[in-house]
Structures are given as C-alpha cells and as structure tokens.
Amino acid sequence: MLHMLDRQRGDWDTLARTMQAAGYGVLTIDLRGHGASGGDREWLKMVDDTADAYAWLANRPEIDPRASV
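Under the working numbering, the sequence shown is numbered contiguously, ending at residue 70.
These are calculated hints, taken from the structure and not from any lab test.
Don't take each hint at face value.
Quick list of simulated restraints, FRET-style, between CB atoms [said to hold, decoys possible]:
hint, residue 1, residue 2, range
1, D65, E43, 30 to 40 Å
2, W44, M2, 11 to 21 Å
3, D7, V48, 16 to 26 Å
4, D41, D65, 28 to 38 Å
Glycine included, C-beta positions come from ideal geometry on N, C-alpha and C.
Make a model of the complete structure from these sequences and hints.
The structure is reproduced here in structure tokens:
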C-alpha cells in the first residue's frame, strides 16, 4: 500500500491489519524521502521501488499472489 505525499507507511496500519486478517498479503512501504526511508524524493525511482516491493511480496512463498494488495 502506498502512502500519500508527505505521509508515511504507518498511515495504513489499521487498514493493513484488517486486510491481513481477511487473508490478504499486504505490504506497506515508505517511498524515498518519506517516513523511515532515506534519500531524496526521486519520483521516477519511486515507480521502480514500488514495482520491486510488489515483486518481493509476490515471491514470498507464504503469500498467495492472487491475494496480494
């Protein structure tokens, strides 16, 4: 789950727990330069970071890729 600009992944904690309890694989990340993530806010690299995070989640053996958000 991606947070809004100038926010951080913790904003999704309640919804993420609810979705996990319903059987979804959920991953929240801090985009570059947000929350606990370091670095500059390089918008184009955030797209790659997001794709990498989803690929990581989808390749976890304990996560059903059909139930990933």
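Evaluated hints:
Distance hint check: the CB atoms of D65 and E43 are about 32 Å apart, consistent with the given range 30 to 40 Å. At about 18 Å, the CB distance of W44 to M2 agrees with the hint of 11 to 21 Å. For D7 and V48, the hinted distance range of 16 to 26 Å is satisfied, since their beta carbons lie about 18 Å from each other. Range check, D41 to D65: Cβ separation about 35 Å, and the 28 to 38 Å hint holds.
In this structure, every one of the numbered hints holds.
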